[in-house]
Each structure stands twice: as structure tokens, then as C-alpha cells.
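Novice: Spelled out, the chains give:
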Amino acid sequence: MSAAKQQPAQAAATAAAAQGSVIRPYGDTTGDGMVQMSFTLPLPHDKKAEGAALQLARKMGLDPALLVHAKAMGPDFTFFVVYGSSTHLVNLDDVHVVEREYPLLSAKDANLTIKKQLRRKLVVVGACIGTDAHTVGIDAILNIKGFAGEKGLEYYREIKVVNLGAQVLVPELVARARDEKADAVLVSQVVTQKDAHIHNTTQMSAAFREAYPAGQVPILIAGGPRFEDGSERALGVDRIFGRGTTPGEVASYLVHEIGLRKGKKP
Amino acid sequence: MTRPHAMLELDPAVVRRARALARKAAAPVVKIARSHTTVSVERATLRLAGLAGADHERVPWVNHLVTAVRDEVGLEHGVTTPVYDALLRGEAPDLTTLAQKAASGNVSFRLPTGREATVARRAAAKGVGAGLRTIDRSRATRDRLIKRHGDPKTKPWIYLIVATGDIYEDIPQAQAAAREGADIIAVIRSTGQSLLDYVPEGATREGFAGTYATQENFRLMRAALDDVSKELGRYVRLTNYASGLCMPEIAALAGMERLDMMLNDSMYGILFRDINPIRTFVDQRFSRQVHARAGIIINTGEDNYLTTADAVEAAHTVTVSQLLNERFAKEAGLEDWQLGLGHAFEINPEIPDSFRMELAHAMLARQLFPDAPLKWMPPTKHMTGDVFRGYLLDGFFNLVGAMTGQGILLVGMMTEAVVTPFLSDRDLALQNVRYVMNAARGLTEDFHPPRDGYIQTRARQVLSEAVDLLDRIVTDTDAAGDAPLLAAIADGTFGLMKRPATGGKGLDGVSERADDYDNPATTALDAWTPPAKGAGR
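Listed in order, the protein sequences are those of chains A and B. If you read the first sequence in the numbering used here, its first letter stands for residue 1, the second for the next number, and so on. If you read the second sequence in the numbering used here, its first letter stands for residue 1, the second for the next number, and so on.
Chain A extracted, bound-state conformation (with noise of 0.2 Å):
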């Protein structure tokens, strides 16, 4: 800042900077750059701990950095509360995001918009195909007791869940998904030995384009921490899902789907 002072081409950037694209951190005045952060080090509570946990802080960027709080906890760790100034700078230009395609829904919203788009409720089939045994994935979705404190898609009331279970058979599924009048079809692939979950999902896929008019397909849902992102046109479905996804995050690209293609027909 004093070498900004000293240049007045620079002071105008920075004076531009300061309402602009280069943003710091807000603690009481601006461009003070405060941020305040806890961490916990494996080290007995001494001063040696704490000119440790002031060197982290000051290697991430905070300086001047205050060591406001140190505690023991138990014998081995020290825990700590830092204040200090970031000397980092970030240039809104150079942040660049991806947005989701579709909005994340609460429950209430996720019903709402079903209900006002089919005027029924959404069916969706769930399975574990092939030999795998591990529901897991697939209950967290489905069942009513949910995941990561979400409340599975059974919870929604304006969506009916038909879940199979596990070790179902490709045409079993299909069968299935017809008489439901399936929107949607839900497989979980968790184990995987030799690419089973690429075959396994790949036959499923084509089975269902093999039983549907082109066009009438449910949407095709593959779910699993194997499945490589990006891989949906390659496995032949509409969208994969990764480790840690939520139902909520299911069912709000299931209500984005089902407007998407409510639009496409006439």
C-alpha cells in the first residue's frame, strides 16, 4: 500500500481494485483483509506448539497473525484460535465457476413442481443390478431415512418410490419400470470387479432404449463412486451420480428432467 502512495498510476488501480474485481477479506474496516480460523496440531500445549501454529499461519498467508487462543486437549493436542490480516488478494475476473444446470430443490418446492408439471406423482424404480448386494447407495436415496440428513426420496409426498432391492435382473427391472409407468430408473452399481458396473449399466441402458418407443425412455439414473464423470453418453443414461450425493440433489434433477422433456413435447 505505502509503494501504491508513492505511484499514482498504481493508487487508481488500486483505488479501482478497492470497489472492483481484486477483492480481500472484511473484518471491521475495509481492506483490512481480517479472517479468523481454528485448527488443531498434534503438540502438547507449550510455546513451541504456538510458535508452530503461528508459523502455519503466517504460511497461509495471515500477517500479521494473532494468536487469540491455545488449548490443551488431552495430552497430545493443542487446539488454536488465529486472527490476522490475509495478504491475499482475489481477482473476481480470474474465479471462474460452474454452475449446476438446475436449481436444488427443498422438498416442499421439489413437490410443488411435480405437482403443477405432471399433476400426478413421479414413480421412480430403484434397483442394485447385476450381483451386487450393496444397497447402500440406493437406500440412502430411496428410503425414508435419507442420507447426509436428508430424508430419502420415499419422504417426498409427491413421489412414488418403488425400490427393488438388490440383485435384480436387467429384464426383471425393465418389467418393472413398465408396469410402474416409471419417470425415472434408479440403479446402484457399488461394487465393481473387472468394470462390472460399465457392463452392468450399459446392458441396462440398452435393454430399457431396446423396450421403449425412441423418446419414451424413463429417465436413466446410474449411481456409484466408481462411475467416471462425464461418462453418461458412454453407459447410455441420462446422468451419473458420484460418492456423497444427497437426495435432495436426485430429486431436483429429477424435477429439471421432467420439466425439460415436458417442454420438448408438444
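No lab work stands behind these hints: they were computed from the structure. Honestly, I wouldn't trust all of these hints.
Ranges between beta-carbon positions, derived for each pair [stated by the list, open to error]:
| # | chain 1 | residue 1 | chain 2 | residue 2 | range |
| --- | --- | --- | --- | --- | --- |
| 1 | A | K115 | B | G481 | 33 to 41 Å |
| 2 | B | P370 | A | Q55 | 35 to 43 Å |
| 3 | B | E231 | A | L56 | 27 to 35 Å |
All residues carry an ideal CB built from backbone N, CA and C; glycine is no exception.
Fit chain B to the supplied structure of chain A, relying on the hints for placement.
Specialist: Same frame as chain A, but now just chain B:
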């Protein structure tokens, strides 16, 4: 425990009516439980008889043996008579060998008659009796260790969770948690274990958001907590889950391996896991009988009702569930001190008077069940990821716990819904509990809600809504002529879920008992009575 006086001035006639209705709702279901058996009850019986282990594909021998007997003579007579008959006929020298031969189809089972049946039953009673005696010995060991190390000095007991998926990671974490002040360690199970129709074997190092419940994991963790109990001079209790399709087996293993508390709710599996209602009630009665004999404290799951429904509108469903859980537990031989009936702090903090309502609900539970160690569960639904706000909310949760004399307090984490707690998060959470308990425990003496004030009125309202709901349950009917409680479960009275008695997972593992049904475990458990007061715990 501070005994509340008539702080809420509830009408004793209404309380009596609530209990009478719960008894009426439970009775037909108990009758069903007594007249059916399940694959898991039979497998639990074989586990009591000492059959353990699994084949190279980790399918337990109890599963092989029950399947084989079932295929040949059915489940309805109980498996022990044909099993011990086969042993007596010299088909195999012991249960494990018999199960191995049965797995490859090299044994034929029959239903013996006359003297042969009597001899087989006598042998079965002797075999299964060994497991029951192991449970009795475990209970005696617990009593002895509590006497030696002592119970926690203050209530509520502090309940902390570990869940790494790896039992060898869980152990140091559990020991650290005990040193930090935890009185009870709960090992969360791997997601989805409740839907496995077998109990995994051995020490496990891989789980999904939790660690598999296995006999070996139970044994390892109990031994580690025994070490730390000795070090701390305070008996540290161990908790796991007797729920899901293998509830009776897990209960038997827990009893033998001296677990101290088990999560065991009468309807959780039906409503939230879509397990068949009959399967659940049959399995549940057996598991509760085992818990009663093992001196295990059960924890019920009423918190789940509030996470799926609005905590104000659904407050009375918690009371109804507590009353039903109490009834089913008492019928199975559990005593008041074994009833960790659940309730939770889940009212939206944005609504006015949310704290007053929480207080009213918690006092209602405390007063309805004065001798039960209620389990007080922290906020989860309204934890947003703002850890600072969450920390405050947990403080208010702790305050209600302090003011209402809860028996078991599950420590709330500010990282709820964010990450699994850091070491520091757990330390901060325990500081929160300690501060509030130190500062406000004595409030139970001073705090009496004014007559007909907000709290008293709210508590009475919830109780009367609970009575209304119980009334609807006992008069519920369906086309199939099911027990009213089953009809109520089928038409969606609880939570939002409709769970018909003919649906759900595990129904194919249920059989109606034949007239000659024999199961030495159920016979012994039916005949068992709790030790006289003072001789227990």
C-alpha cells in the same frame, strides 16, 4: 436423578388412560409375536447354542443351518429340534460340522417324534442354555465392574459417537472420547447393515459411514473400554444397534459380549427402513427379552419422528411412541431403569417460544416416565452448517437437559450436517455440556413452571393429542382384519409412511409357529423374571 414433583400437574386420570390405551394397542401385536418365529430368531438361538463363524464367502454358519433345516422340515417347529436330532443321530460331532455338512447338502433333517423328540429337545435346551448362562455371567461381570470402577458421578451420562468404519481406528477414538469425559460410547453401524439378513463375521476395517456390528468388533471394543474404565476409575458403557433384519442375533451377541446399551425401537425398522411389520415385532420381542436378561439398557428412536415431521405438530407422536415402546418393553421383561426412551430438541429455532416448547416436551417425558433414564437427543434438522449458531443451539439443548434431569445426553456437535466431527469439535462440544451442567444442573430445584402457564398448558396439550392418537390407533381397522396397531401402521398413522403388514423386507423369513414349536431360548426367556430389586444392576 432428580425426581420431578408434580411440576406439570398432569391429570393422573389422563396419564392412566394413555397407558391403558398403549397396553390395548400392544396386546394383539404381542400375541402375533408370541405365535410366530423368524429366521433371525432361529439363528439367534443357534448363536446362543454356540454356533459361530462363516464360510469362505463370509456367509455365517447359522444362516446355512437355518436355511437347510427350513428347506427340509420348515421353520414352524423351531430349528433346534431337527438340529439336535441330527447331532444325536450322529450326522456330525458338533454344530459347526453339522452346519458345514448342511451347507453342502450332506445332511438330512427330520422332525423326530415321541421319545426321540424329547431327547432332542432336552439336548437343545442344554446347548442353548450355555449361551443364556454366558449372558448371565456377562451381566454379573458388568455389575462387578461397576461396583469396582463406579458409575459416572453425575447425570446425565454423556453419550458420544464414534464411526470410522474401521474397528482398529474406532478403538483409540473411543478411548480418547472416554478420557475427554464420555460415559457411553456408541459405535455407529455401517449404513445399510440393518438391511443385511446376516451378521458379518470377524474384525472389520471397512464400512460406510460406520463400522459393522460383529461379535468380534463387540468383543474388541468392550475389552478396550474395560482398559480405559480401569484407568479412569469409571465404568464406560458401550452401545450398538439391535435393529434391522438381524435384531435378535445382534441382541444375543451383545448380551454375550457384555454390551451395555442397545438402540432398539419398536417401530423404527418398519417406518424408516421398510422392514416388514410382523418380522419387526417378532424379532423385537425376542431381542428385548434378551436385553432384559442381559441387563442391557435399550435406547428408543423417537428422535426420528421429529426429523421427518414438524417437531411441534408431531410432538405427540413422540409421546405415543414412548408409551408403546414402554409397553412392549415391559411386556418383554425390561424394567424401568432399562428404558432409555428417546426424545429430541428439533423444533425450528426461528419460531417464537421454541425453547419454552422444548422445555415443556422434555418435562412431559420426564414426568410421564419418572424412573426411566430418558435419552435426550441434540438438534440435527436445524443445524445449518453455521457452526457458531449450531454451538449456541447445542448450548440451549444442553440447558433443557440440565433443567429436566435427563438420564442420557447425546452430545450435540456443531459440525452436524457438515463433516464428521474433528477432535476439536468434540472437545468444544464437551466443554459446552460441562459448562451448562455446572452452571445450571441445580435449576431442577428452583424451576417450577407456573400453574396453568405456557409450559404446563403445552405439556397437557401434547399429552391429550397423544391420547387422541392412541384412541385412533386402537380403533383402527383394515380390510385384512389386522391388529389395530398394524392397520394404523399400514394406513400411514406414523410419520408419512404407509407400511402394510404384508409388505416390506424380510416377510419371507417369518413363519407362524406350529403347535409343536420348540425353542429353548424363548421358553427360558418367557420363564425368566428380573432379579429382585437391589440384586440387579
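Novice: If a hint holds in the structure, say so; if it does not, say that too.
Specialist: Tested hints:
1. A:K115 with B:G481: 33 to 41 Å: 35 Å, holds
2. B:P370 with A:Q55: 35 to 43 Å: The hint (35 to 43 Å, Cβ to Cβ) is violated, given that P370 of chain B and Q55 of chain A are roughly 56 Å apart.
3. B:E231 with A:L56: 27 to 35 Å: Cβ of E231 of chain B to Cβ of L56 of chain A: about 32 Å, so the range 27 to 35 Å holds.
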